[in-house]
Every structure is written in C-alpha cells, then in structure tokens.
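Listed below are the residues making up each chain.
Protein chains: 4
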Amino acid sequence: MSIVLGPNSYGKAENRVVRIYRDSSRHEIRDINVSSALRGDFTAAHLSGDQARVLPTDTQKNTAYAYAKKVGLEQIEDYALALGRHFVDDIEPVEGARIDVDEYAWERIAVGGKLHDHSFVRKGQEIRNTVVTIDGLGDSQSAWVVSGLRDLVVLKSTGSEFAGFLVDDYTTLPETHDRVMATSLTVRWRYLTTDCDWATAYDEIRTVLVEKFASVHSLALQQTLFEMGKGVLQARGDVAEVKLSAPNIHHFAYDLERFGLANNQEVFHVDDRPYGLIQVTVQRDDVTDAGSAWEAVPALR
Amino acid sequence: MSIVLGPNSYGKAENRVVRIYRDSSRHEIRDINVSSALRGDFTAAHLSGDQARVLPTDTQKNTAYAYAKKVGLEQIEDYALALGRHFVDDIEPVEGARIDVDEYAWERIAVGGKLHDHSFVRKGQEIRNTVVTIDGLGDSQSAWVVSGLRDLVVLKSTGSEFAGFLVDDYTTLPETHDRVMATSLTVRWRYLTTDCDWATAYDEIRTVLVEKFASVHSLALQQTLFEMGKGVLQARGDVAEVKLSAPNIHHFAYDLERFGLANNQEVFHVDDRPYGLIQVTVQRDDVTDAGSAWEAVPALR
Amino acid sequence: MSIVLGPNSYGKAENRVVRIYRDSSRHEIRDINVSSALRGDFTAAHLSGDQARVLPTDTQKNTAYAYAKKVGLEQIEDYALALGRHFVDDIEPVEGARIDVDEYAWERIAVGGKLHDHSFVRKGQEIRNTVVTIDGLGDSQSAWVVSGLRDLVVLKSTGSEFAGFLVDDYTTLPETHDRVMATSLTVRWRYLTTDCDWATAYDEIRTVLVEKFASVHSLALQQTLFEMGKGVLQARGDVAEVKLSAPNIHHFAYDLERFGLANNQEVFHVDDRPYGLIQVTVQRDDVTDAGSAWEAVPALR
Amino acid sequence: MSIVLGPNSYGKAENRVVRIYRDSSRHEIRDINVSSALRGDFTAAHLSGDQARVLPTDTQKNTAYAYAKKVGLEQIEDYALALGRHFVDDIEPVEGARIDVDEYAWERIAVGGKLHDHSFVRKGQEIRNTVVTIDGLGDSQSAWVVSGLRDLVVLKSTGSEFAGFLVDDYTTLPETHDRVMATSLTVRWRYLTTDCDWATAYDEIRTVLVEKFASVHSLALQQTLFEMGKGVLQARGDVAEVKLSAPNIHHFAYDLERFGLANNQEVFHVDDRPYGLIQVTVQRDDVTDAGSAWEAVPALR
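Protein chains in written order, with the numbering used here: chain A, 3 to 303; chain B, 3 to 303; chain C, 3 to 303; chain D, 3 to 303.
No incorrect hints appear here.
Note that identical chains are pooled: a pair holds if it fits in a single copy or bridges any two copies.
Heads up, simulated DSS-like pairs for lysine-lysine below, C-alpha to C-alpha not over 25 Å straight-line:
no., residue 1, residue 2
1, K116, K232
2, K214, K232
3, K71, K125
4, K214, K116
5, K125, K214
Because the hints were derived from the structure by calculation, they are not lab data.
Take the sequences, apply the hints, and build the full model.
Pasting the structure below:
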C-alpha cells in the first residue's frame, strides 16, 4: 500500500484574548485573535490514534492566554515570537509553529475634550496582523515575521483611468479616463528582522500605503499597487517583500439621462459581485530567500 | 371563506448609492445603502396578480439613484424625506412609504499632513441610519424621522459592577465590583421635527452617548443605557424618545492561577455567544404619540 | 423633568444548546439556538442600578441548559413554553417572557445503505423557529406560539410573469412573460393553540409552502406569496395568520447576443443587491386578536 | 534600485452564473460562483500602467457567462478546463490561468409526491468546488484538477475518545473516552486525470468521507481524517492526494449537577471560538509531482 501521511498541522484557532494594562489609573488595552498551529512528527496520532506526542489544542489555548500575562502583549510580533518559540523549544515533539495574530485597534473616548483613562471605542478601519513562523530546533532554527493589514477600504473619486487594454471577441468595456477607484486592501510584508520597533514600522508602512494610493495618478490598479509596494520597500530597509491583494470594488455611473438628469461621474451604483481581483508582489532582488516564511501564511484574499 | 389579505408592503432593498460632489477640485463623498417600502391598496396584485397599481421595485431603484442627483444627498434625513414624499404624493396608489438609509462615513487621506482633495479612507466605526415614515395623503399626511446608529463598539476596563441581584436555584454567578463592560451599541431616536440641522444633531447625540458611557460609574448595563438615553433627551429638545439595544459582550477573566500567574483583571477571554441583551427605551412623558413612527422600523438587535 | 423609562426587556441571547437522547444505542439529536427576554418592573435597575429584582442573564442561560434536560427538547414549541412559563410563574418580578428558538436539522449518515445509530450530517436548508410569548400572571396569563422557518431558498425556472404594472417617469423595466423567480423565504405563522403535534404541523406547513410555490403560475411574487399563505390556513385550522417575507433574488438574462450566442432564458447573472422585498400577511378575519403575540417577534427580513 | 515585480495575477472574482437547461419541459439547473485569475508577463501594466497586454477583468466576466452557453455547464470541472484553456490558448499574453468554481446544489420540489419539472429548492449542505490550473503553452502545457467540498457539517454523538496525550505545565484538559465529535469539513483532492466522470467521482468520494467519519471509532480527529483520506485514495485510483481541514467544533457537557440534574453526555454547550483546527494531507507516494496544482489553490481554512 502506497498511501502515506503528507504535510499536516494542528492547533487552536481564534483565541479571543484581551489584555488590559492597569499598572496606573490610565489603562491600556490590547485586543487580539490568536491562532496557533504546530508541526512535527505526529504520524502515530494519524495512523493509530496514539496521542502520546500530541500537545492538546486546549493546552495551546491555555498557553496563549498565559503568555498574554507572562510575556505581555505590547506588540503582536513580540508576543507571537515568544509563543511560537515556546512551542518549538519547550515541547519535545514540536518542530515548527505558526502563530497568526489579528489585532483590533481601540482609541480612548474623549469626555469634555479630555481622553478618558479607562473607556475606549473600537477604532474600526483596518485589522493589523502578523504571522510568525518558527522552523527547526537549536542553532538551525529559523524565525520569520510576516506582518500586514486587511479591510483598509480606500477610494479616490477621480485621478484613475483604464484605457488601451487588450481587446478580444468578448470585450465590451469602454475605455475611461476618469473613474472612481475603490478597494479593500489586504497587504502583507516580510520583515528581514525579528527585532524591531514594530509599532513604528507599522505606522510608517500604513502611511506610505494610503499616501501612495492617494497621490499616484492611476492608469491601472496594478500600477497603483506596485507603487504602493515600492514605496514600502523604499521606506523600510528591513522589509524584503510586500504582497498586495486588492478587490476592485466597481462603482458604475448610473444612467440618469433616461430621466432627464445629467450624471457627470456624480451618482454611482456600487456592485458587490463580481469584482476585479488584483494580486501583486513587490520585492527586492538582492535579499535572502523567503524560506518557509510564506508557507503557512493564508492566501491573500 | 374567511381568509383575507392583511398588512403588506413591498419595495427595493439595499440600493448601494454613492454620490460624489465634484463642483470644485475638493470632492465630497456620500455613501449609503437605501431601501424603500411602499404601502397602499395592493389587493389586486395579491389576489389576482393584477399589477396595474404596482410601481415596480425596479422603478423604486431608479428613483433612489435619480434623487441622489435631483435633490442631492447632503443629509440622509432630507434625502429620505424627499424620496418618501415623492412616492406617496406622486404615485397615486401609494398611501405610505418607509425609507431606510444606512450611511458609511469616509474621511480624507492625509498626504504629507495635508488632507487630499479626492482620496478617502472608510472611517469604520458606527453606521449612521435613518428611517423615515410617510403616512397618508394631503393635509392628513404625517412624517416621522427616526435616526440612529449601530455597530459602535465601546468598552470600559473598570468602573463597572454587578452585584445585589436576584438569586434563584439556577443562579451560580458570583458578584463582582470590578469588571470589563463592553457592548456594540444600536441606538435609535425619534425626532419631533422634520426640519433640523441633522449633522449637528447627530454629532451631539453621538458625543453624549459615548461620554455618558465613559463617565457613568456602572452598577448595571441597564443603568448605563438609561443614563445615555436621558443625556440625549437633555441635550436635544427635539428628540422625543431614545431606544437603546446593547449586547453585553462578556469578558471573562482567564484562570491563570493554575499556571502560577496572577490575573488581576488583566487577561480576558471574549466570548461570542451567548451574550446578555439589554433593550431600553427612554422617553419624554409629555410629547405627542409616536404614531406610525416605529411601526416599520426594524426591531433593534 | 419629564424623562421616564419606557418599554424595556433583558435576557440572554443565542445559547447554543445541543441535546442528545441516548436512552438506546440509537441516539437522537436536537440542536438549537435559544434566546430569552424578560419583562416586568425593572425600574430600579435602570434608575439607580439596584439589581434586587433582576434575575441575571447568566441565570437565564443556566436555566435554558437545565430545561433541555429537565423538560427535554423534543419539540421546540413545548420547550419554549415550559421555559417561558417558568420565568413568569416562578420568578416573582417577571411579568412577561419571550423565548426565541432556532432549530438546525440533522439527518443520519447512511453507511452501506443503513442509517447509522449515532452519526449525523447537518441537513442544511431552512432553519425552523418558534417565538413563544408569555404575558401576565395566574388566570390572566396569555401564551402565544408563533412558529416559522427561514433561509428556505426556492426557484422556478419558468412559470413566472411580470407585466401590466404601473408606469411613471422613472420606469424603465420591460414587461416579461417568462422569467426566473427565486427567493429565500422567511415565514412565520401564529398558532391558535399551545398544545399540538408541532412536528406534524411543521411538516404539513412546509409542504404546503413549497408545493404552492411550485404549482402556482405566478403573475407576481405577491400573488404567489398570498397563495402560499392561503394554502397554510386552508390546511391548518389551528393557524390564525401567516406572515411571509420574500426577497426577490433577481436573475438577469446575460446579454450573449453581443458574442453571437443565443440566450433563450438559459444563462443568468444572479445579483446580490438591491433586491425586491415583498412582505405579506394572510389571515383569518374571524379569529381572536393577536394580542402580544407578534409584539416581541423580530421583524421579518 | 533593486525593487522588482514578483509573482502576480489578476482576474474577475465571484461571477454568479446560473445556467438553466430547458431543452424539454423538464428543466435542469446549474448554479455556480466562478472566479478566474490569469498569469503572464504583465510587467508593463505594473511599472508604467500600460494595459496593452491586459485582457480586462470585465472581458473575463463576459467570457465566463458566454462559456456557460458555448461549452455548457454540465460538470464544473469540464467548464473550468474549457474556460482556463481558452484564456491560455487564445489570449496571447496569458501563460497561466486558474479557474475556481463553487457549485450550489438544488433538488426538485415534490408536488403531491411527484418531482416538479421546473421548481427547485436549494439543497443546502456542502458546497462542491473545483480549482483548475492551466500552466504553459502548446505541448508543454499542464492542466490540473483539484476538486473538493466545504461546509459539510458532521457530528457523532459517541464513538470518539481523546486520551493519552502529552501533558505540560499548561495542560488542564481531562481525558475522555466518550465525547461528541463535530466538524465542518473542507476537503480537496487532486485528480490524476483531466477526463473523468466527475459527477460519479464526486458522489463516490463524498460517500466515502461521510461513511468513514461515521464508522471509524475515533481516538483522535487526526486519525479519523487520515482514515477518510485513505478511504478516498482506496476508492479512486485517479486521485493522487487528499487534503482535509477540520475545525473541531467543541461540544462541552454543561454542568447540571449544580442544579440536581444528571448530565450523562446529554446536554452540551456548543462553543464558537476558539476551535481546534486539524489539517491533514493523505497521499500516494508513487505518483507524479503535484507541480503547480496546489500553488494557486486557496489555503484550506
């Protein structure tokens, strides 16, 4: 019989951990959704149901909560690195770990113009994310940090064209030199380091992304995305590559001439589906290989 | 046969209209989801399929987009009033209309510290809403405006108690004098007017809601919600009543003592379901009856 | 100050209870999502935060699980009646209760053509629901059962017309005598009884609904829905009224002539939004008033 | 400057195509959600916004609908192969294509025990899927078919254990020899062929999956999944490998002893999050390499 076990992993997904820092009367909040996945030789569990080498997913859950206290939850990258290294270094059968963390941002409520000590409103907008991969043991251990964001919805009401494209028998789209361009960005970038001021890096990268989106006169969403990724690499020497995924949220000018009304790119119908989906990688050509960094990263949507 | 047609309505739901104001190089954006529902004597359509008195839902859709240009889309309340009155006043068989509008907020992207003319990022946070009801014809016509918001997620990390409650055989909950209180607010308020500076009113009410949430020391979510509603009525003489619906998003302190770690209200598990659900009305006792104002308003969730 | 507490309720929403009957080796499964909401004089809780009359929502949760064992979970209507009566009869401050139960159906897995004793696959299709309202104490207590279903998606590929409708300046829709008609049904019906073979009633009503949808030649969705409701009332003398809510899921024939292909109602684009939304009540004109039966029932979507 | 364009693709996602076969009075329905993504040398579009080599996503949409008529939509695998080959073979700059198709199943409505000619109810349960990858031109072209299903929710109320697992300082889980095991299956399998009776293959594989789930006495979800995958490979010589992803939907026995009630695995709370997540590949060790077959397949969730 030639049927064998192939690649496999297991873990606890979507632990909803909230950490309050209350050392002073001015509290801080961290709000995350963390998933762990472990790899190693778990053949016996699959072939005979022998769990002797399997650390329960329930234990992984306990550890995720405990580490929010033990190492703290200042920056999700540091927390994920600590948690991933623990599983690989301290649990004998584990040879690799992926820690995936979403972070939801909060801001202080202002009362009479003064920011409150312990009351917060969820910030909305994008979700910050990191996927940390730990691979191997001892001196041959590798660690990768791929951080990113998603659900950052941006729109420009002019400054976007789409023309000069390839035409075949199924092409009916007219060219345009002025359209609404809108998308909900998912971006991930691979760091060349595991030790960095993650918060500053995140803020800088987010700023570059939205500024480039705003300021590039767009001949195509592809071009805009490439410029955004390029801007990130120019701003951060410690980022090796950027992957961007952007649904083109189509805004169709509604035909109002039928009702005696002009519509000079003023009234649009926003369609849910289908949507264009553009996926771009921008990378340095002179850096070390990504190794397993992207292997366990969920595909960009 | 005693089987008869009872209350009925029909309309076009969830028209996704975007309106760009581009009179100058500094564009403005309005982004809404609008639904219309019409009432009247549509017995023939139901009993024999005779559509002679039925304005198609497709026509209602066209009208929603046309009115975004014809009357504009400055404030959702004015747009909804105009649209609702059109259906009742101009379409003979229509005797009543409900226009339900969600609005998604956008803010300008800052480029180099300067707000961009035509590039925007979706603001996130709460969705603003209005439900306008037009009822009857000519001099006996009534119009009600019920506005509100939803998905405003707030949390306080202390300043919340729950104790002294009723105990029965199924009660196992311990009392607490310090807990995390979090909720995703849905609030609706009925205006006593149909002509108002809607944007200012909205901003004032939202400010009162979050300030009261932050500053009231809470003995129960019920008490907090009542104070929030009361604050709105105190701030705005043109609001007759406020309905608040608040899921109590439970934050459970995780038991870390099992791992030799203290957890002084620092690490929490956030549970999805079940959740407490508190629904409160705060109203003036000296105003005119609500009439049909709430009749067609979807139940608070 | 004329600001007062208005209508209010509180409860525990979305308790996900599964009940396994394992008295023999052939297990049975019931899978529900149950929410409770209590009414009464809870003024003190709102005005001063005094919880002395408030049975915690946590207790309501415990009770929902306990009653799945104590009274069992054979039919959701009986379970909801027992749970609602318990809260009103046994907890002094409670004067009214609403119990809302969704039920997810499962079917046995067939192994080698034989239905398995304890392995199940979720059936999919519609969600069965009941909303039981208990109002008042002792001899003046009323109890209503409003049951229903939702997410029953049906389609007919011909036998549907839409023509002869009202035309105004915004009407552009062409008439059609052959179209695809599709909807995702939400239906609720009010029983005149609190003691009935609920399972048989449900099966009969579901059968009438889909059979009428299939067999009525439709001149309008309104007509189809009226016939469906009428069929239910004809089949079940213990049902007083039926409310149906049906989004018209639009199927647009795709224009293939541009590519030299005929499209005789064969290839369609299904649009998500906007959608027509038709809401109809069919009722007997000779039955007792609905009282509070519908008051706390969430609006049909 | 060492910043370069990396891997990229673009396409039209989520075209909601419905195809009605109406050659006789007995109609057939196919209901799909199809996404296309194209690869090739699109450097100019990214670097300078030059679209001369870019077939618009709007054209891809038109083609998806046209092919539902031109080649038909009998089996999603054949449709996807035809569509993918068209893009690669007929559009000069395109060197690779991925076609991802979800199919929603419908069944005929029975009226008076007789299956109706043109009225259907959506079947619910799992969504069938295929991802076809076409890579390269002419004689060196490869084509892979990876089919699967998702959202198949199964449960066994006994016959599942979890014991003998690894214990560390964070382990608190008790062993169990009788638990509820439930999951929502996502399964994908790679065919060794591009020409097959796809419907029969799908039915056989689905049957093996649910039968194995039901009949294997489970010592761990890993073991159950391995047996399911092995069963598929034993049944179908034309399947090279199977990937299974299974969230462990935790059913916790509710503590009813506090209320004087026994709970012998009868009443459970179903928790939403976190959940165990087990991902397993079962493969033959003697078949040709998967090549690009999985490259563009979205990660199992």
